[in-house]
Amino acid sequence: MAELSFRMAVTRAVDEEMARDPNVILLGEDVRIWGAPRTEFRGLYDKYGPKRVFDTPISEAAIVGAAIGAAATGLRPIANIMFANFLGMCGDELINQLTQMRYMFGGKINLPVTLTGYFGAGLSAAAQHSRTLTGLLLSIPGLKIVVPSGPLEALGLLKSAIRDDNPVICLHHALLLSRPKKGELTEEEPEGEYIIPLGKAAVKREGGDVTVVATAAMVRRALSAADKLQQKGISVEVVDLRTLVPLDKQTIIDSVKKTGRLVIMDEEVRSASVAGQIAAIIAEEAFDFLDAPIKRVCAPDTPVPYSPVLEKFWMPDEDKLIKAILE
Amino acid sequence: MKGMMKKTKLIDMYTVMLRIRMFEERVAKEFADGNIPGFCHLYIGEEAVAAGVCANLKPTDYITSTHRGHGHAIAKGASTNRMMAELFGRKTGYNNGKGGSMHVADTGIGILGANGIVGAGTVIAGGAALSALVRGTDQVVACFLGDGATNNGRFHEGVNLAACLQLPVIYVIENNLYAESTRITDSCRVKDLADKAAAYGIPGVSVDGNDVLAVYEAAGEAVNRARKGKGPTILECKTYRWRGHYEGDPQVYKPKSEVEEWLKKDPISRLQKQLIETGIMAEQKADRVKQEIIDEVERAVKFARESPFPDPEEALEGVYA
Numbered sequence: 001m002a003e004l005s006f007r008m009a010v011t012r013a014v015d016e017e018m019a020r021d022p023n024v025i026l027l028g029e030d031v032r033i034w035g036a037p038r039t040e041f042r043g044l045y046d047k048y049g050p051k052r053v054f055d056t057p058i059s060e061a062a063i064v065g066a067a068i069g070a071a072a073t074g075l076r077p078i079a080n081i082m083f084a085n086f087l088g089m090c091g092d093e094l095i096n097q098l099t100q101m102r103y104m105f106g107g108k109i110n111l112p113v114t115l116t117g118y119f120g121a122g123l124s125a126a127a128q129h130s131r132t133l134t135g136l137l138l139s140i141p142g143l144k145i146v147v148p149s150g151p152l153e154a155l156g157l158l159k160s161a162i163r164d165d166n167p168v169i170c171l172h173h174a175l176l177l178s179r180p181k182k183g184e185l186t187e188e189e190p191e192g193e194y195i196i197p198l199g200k201a202a203v204k205r206e207g208g209d210v211t212v213v214a215t216a217a218m219v220r221r222a223l224s225a226a227d228k229l230q231q232k233g234i235s236v237e238v239v240d241l242r243t244l245v246p247l248d249k250q251t252i253i254d255s256v257k258k259t260g261r262l263v264i265m266d267e268e269v270r271s272a273s274v275a276g277q278i279a280a281i282i283a284e285e286a287f288d289f290l291d292a293p294i295k296r297v298c299a300p301d302t303p304v305p306y307s308p309v310l311e312k313f314w315m316p317d318e319d320k321l322i323k324a325i326l327e
Numbered sequence: 328m329k330g331m332m333k334k335t336k337l338i339d340m341y342t343v344m345l346r347i348r349m350f351e352e353r354v355a356k357e358f359a360d361g362n363i364p365g366f367c368h369l370y371i372g373e374e375a376v377a378a379g380v381c382a383n384l385k386p387t388d389y390i391t392s393t394h395r396g397h398g399h400a401i402a403k404g405a406s407t408n409r410m411m412a413e414l415f416g417r418k419t420g421y422n423n424g425k426g427g428s429m430h431v432a433d434t435g436i437g438i439l440g441a442n443g444i445v446g447a448g449t450v451i452a453g454g455a456a457l458s459a460l461v462r463g464t465d466q467v468v469a470c471f472l473g474d475g476a477t478n479n480g481r482f483h484e485g486v487n488l489a490a491c492l493q494l495p496v497i498y499v500i501e502n503n504l505y506a507e508s509t510r511i512t513d514s515c516r517v518k519d520l521a522d523k524a525a526a527y528g529i530p531g532v533s534v535d536g537n538d539v540l541a542v543y544e545a546a547g548e549a550v551n552r553a554r555k556g557k558g559p560t561i562l563e564c565k566t567y568r569w570r571g572h573y574e575g576d577p578q579v580y581k582p583k584s585e586v587e588e589w590l591k592k593d594p595i596s597r598l599q600k601q602l603i604e605t606g607i608m609a610e611q612k613a614d615r616v617k618q619e620i621i622d623e624v625e626r627a628v629k630f631a632r633e634s635p636f637p638d639p640e641e642a643l644e645g646v647y648a
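Order-wise, the sequence lines are chains A and B.
Be aware that the first sequence starts at 1, since it is given in the numbering used here, and climbs by one per residue.
Be aware that the second sequence starts at 328, since it is given in the numbering used here, and climbs by one per residue.
The shape of chain B in the complex, shown without the other chains:
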């Protein structure tokens, strides 16, 4: 356990991870029950990445997110009420029911949107960082992307531009081994995806993405670098997607032994064990945190259920300013 880190920071990260886990578990249930329409891509198993990265960010910093974005939004401080309402297609949701799971956004707290297009955030993140530079702030941008996105042309264009202009971006590659159903080893010949950084002349770091402390520390260095005007970093977090690509995916492509092996590496029970063993968090505290999140998620579902749907005519609004 890192002696330097404040107890509250550790417990905060634990809380965020658990909040993500329990939110997602509930989304899975509500989706299966038919209360959430459309597509749902869950973040279960990868919680340490969002929590460890966002623990380094200020409220004024930005993130761009992915189709698997609930965890990023929660870690950046989004309200679970408004997220759940958005997933339920309600008027009180973050996007007034116009976006859904893949587009949750709140620019007020720096969430520039989940994104349904793989790799799309890579180029948008650079723009937010450029904007910080032009406006003379010390804001940074964390750009979350999956392993699959690193094989997309936008990754190259976005990272290269950020490197050329020395933009304050941290490209967080969540390498969960699969792009939809395709293994990363079948779609890319590079073992550590952080090695791709060499092509842009910027640092690239690979860490255990299920170790929130490792993620926190590596992201912290990248964030400091970015804030000091030293340009972007690629941070690869090696992790695993517990659920399918989408809810309903039978996951025939995953070997059983692999799944079992990764379940043992659960980032949340790992951190919980560490925190309790080192006396940073008492068991009663852990129970209390869990109960609070159970209540919060229950409230979110209730809020969503009781919220009105948008008026159908609202479909015509919001195209132009």
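Just chain A, with the same shape it has in the complex:
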């Protein structure tokens, strides 16, 4: 059985959807020759040509603006904005246009745009190339937010995102998409159509003592922490949120009803993380099932530092999660 890396998963998802639907086009910086800096689109220009894959100037506003105009007139564009931090360069397109046009037009238009990009720390890329920015994105109604935790999720969720009639942003964690020094993370490649619906969280590990809800690369860390805690006799249930919007609150509530304890692990800065929203939902809707206060394992409210020592301190990890669970 072939192995599927995160990078291959993205390529496969876009390739399959471009083959399936002639209205799917790809726009972005450096997509033609590099296949974008992480090579996740490599080969698509050669396969689909200059009328489906467009190299653009370094103009995030023009890229996302073009995706909006193309979507409003019948296409299904994928627009790669490279690093999530660069969303600042297309703030108006993201905040005022893409996500509000349908509503402002009285629901009479669909904008099936998929934005893709890298997010997250862990590569010493410093403050301007490391943020998750999901807190900002969560404040924008009209946008769906996808945060895959591994190759299979990347494949199945991206395919759903491209088929979705709404604007969707798929944020691919830099650690998952990069080639780690000790070899690339892979999963067994599925044969045939592999789709994961948006808005369905996945219980990645069953447990009875505490629920850990985690996002993107944090899911891997939570699973690893759960292994360690198992040895101490603590049974951790790990829920992979998969999408922040739509938020699958039922899966979280069901898990909390079973375990009575909730820890949320997310790389966004603490004051803007989805963790706050999840904690509020559980406090409102499942308070009686809680045996302990809800804990949040998030990043501190600072920009992302550069030096590996500082960055490691900044990022949520297994030790911080284990500490929170043991508290």
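Hint data in this document are derived by calculation from the structure and do not stem from the laboratory.
These numbers come from a predicted model, not from an experiment.
All C-beta atoms in this analysis are idealised placements derived from N, C-alpha and C, irrespective of residue type, glycine included.
Incorrect hints may appear among the rest.
Not everything, but these chain A residues come out facing chain B in the computed CB check (under 7 Å) [claimed, not checked]:
1) I25
2) K51
3) S59
4) A61
5) G65
6) T73
7) N96
8) Y103
9) M104
10) G106
11) N110
12) D165
13) N166
DSSO-like cross-link-like pairs, simulated, lysine-lysine; straight-line CA separation at most 27 Å [claimed, not checked]:
14) K200(A) - K249(A)
15) K557(B) - K51(A)
16) K555(B) - K51(A)
17) K51(A) - K385(B)
18) K108(A) - K418(B)
With chain A fixed as given, assemble chain B onto it according to the hints.
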């Protein structure tokens, strides 16, 4: 008077200009009377631009518009009933009462929306043009923008991308001398804004924006160029905003002599005079056209007034498909 142009085309353009003028005059009144909430930016004085450009467009072509967008929508064929109803915040409006003056849209006739953000349409227009290219149609996009928008980064990004990909777009700069309260000479050192085209390696043309025939002709060339796959053009139409930036703007920044000078250049009476003097339109015909528009605007207000407001709970609908 251009001999080549068909009489009906000329009268059509005249009618569109007058329809815009009288719609806007009525909006000013209804706004002052408190029947239209929010912000209103009127197009009075600039009618020749929308009419001259859109007279070159097919129903399947697209426009992107601005916060001062009523004229563009009317010129592209929008229903004054549904526009007025939208301004009144009614359920029967183009946007079901969710958009208002700054967001009137009807993608069915190619209106990709007025836009409350200055310069925003510049990048969206490129996408619609790219889409035409991908789908293999000969559609073109007219992107209306103001003089102020040409100083915004999006103008640069949008025009540059369109130039690189040779997209079928006509960037129509309505240079009405003011960006809100700021004179264009205080915000830009370029005299003819069409000269900015040189930065993108595309043609740039400046015309008298109060001469609908000049606008029609220049826009026609740009549209033909775009349809033939030869890429975008910048068309600057020099005109004047008769009203304030918004309704209620005391306009302390406009010299009186300047206002008087531009009132004399009224694009509508200018065209009317030409059409009557050359015998293209009889005076009785002019009167008839005017009366029909008076009736139409009256009907639009009646339609808006008698239309229901949306149910409050509709505020929750339409976010996601």
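Q. Going back to the hint list, which numbers does this structure go against?
A. none
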